[in-house]
Structure formats: structure tokens, C-alpha cells
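53 is the number of the first residue of the sequence shown in my numbering; add one for each residue after it.
Just so you know, these hints were derived from the structure itself, not from any lab. Source: prediction; values computed, not measured. Every residue, glycine too, gets a C-beta built ideally from N, C-alpha and C. Be a bit skeptical, because a hint or two may be false.
Stated by the list, open to error - Think about it this way: if two alpha-carbon atoms lie no more than 16 Å apart in a straight line, the pair counts; the simulated EDC-like pairs of lysine to aspartate or glutamate are:
#, residue 1, residue 2
1, K56, D104
2, K63, D104
3, K148, E62
4, K132, E93
Unchecked claim - Okay, the calculated beta carbon distance ranges per label pair:
#, residue 1, residue 2, range
5, Q164, K56, 17 to 27 Å
6, S65, G160, 17 to 27 Å
7, A71, A106, 23 to 33 Å
8, E156, R83, 30 to 40 Å
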Amino acid sequence: LEGKQVLAIEKDSTRIALARRNAAELGVSERIRFFCGELQEHLAPLMVEYPDAAVFVDPPWRRGDAIEELPRWPDLLPGKESTARQLSAAPFVLLKLPRSFALETLPGSSWQLEWGFGDGTQSSTVLMIMCWSSNTFLHR
């Protein structure tokens, strides 16, 4: 993503402060705009301002300690259906999802699945990255 601008939305002000510090240490602060608040508050206006932007979503994977069922689309998203509708208008969406995600709940489009692995010290570090785009050229 060299040379690209990043717009980051995070509701936790402590995480925003940490991200700002990391960006400063890496020398990329001038390329990142941080928005503190709910995704639903900032996503629609930013998608209007940047209609060709890719959207990366790293939703909370579960609430509480118990996993009663597999995480599903769009229940995993803050704002659920309304956020899913907004994301459907994005030209490119990347999702960071738990390995236990219910794949059959994704909207019917072209998804590219990629598995990523952590450092191997915990099985919970296995992540799934999924990409969708309405631009079929990106799937060649």
C-alpha cells in the first residue's frame, strides 16, 4: 500500500492513541487520518468522499466469553444489516475474520479466501482474510 492514504475508524480512543503513536514511529502519520467513533457513524460519509476506496473491516469476533454459534454475516458487523448494505457499495472489501466464521452466510459475490497464520504459539492466531470486489478484473 505504498503511497496510499489510510482512513482508520476505531471506537476505542486508547487504540486510536496507540495507532497514532505507531504511525509516528513508522513515519507514516501524514498518510493516516484517524476517526474515533462507531463505524456506522463514519463509514457512509467516507464512502461518499472516497467512492473508489478499498474497505478493510476487522470486526469484533465475539461478545463475551462463550461462543454459542459460529459468527455470521452480517451479525459480526457493528450495525449489522445497515453496515452490510453500506459495504456492498464499496468497490473492494477485505474482511479479517475468525477461522470459525460461517462462510455460507457471506453475500453471494466473488470472494477470494486466504488463510493467514500467526506465530504458531496459539491456535487462536489462525485468521482468515477474505476479499470481495464488484470489479471482476481483480479476480483474474
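- Query: Checking against the hints above, which ones are violated?
  - Reply: 2, 6 and 7
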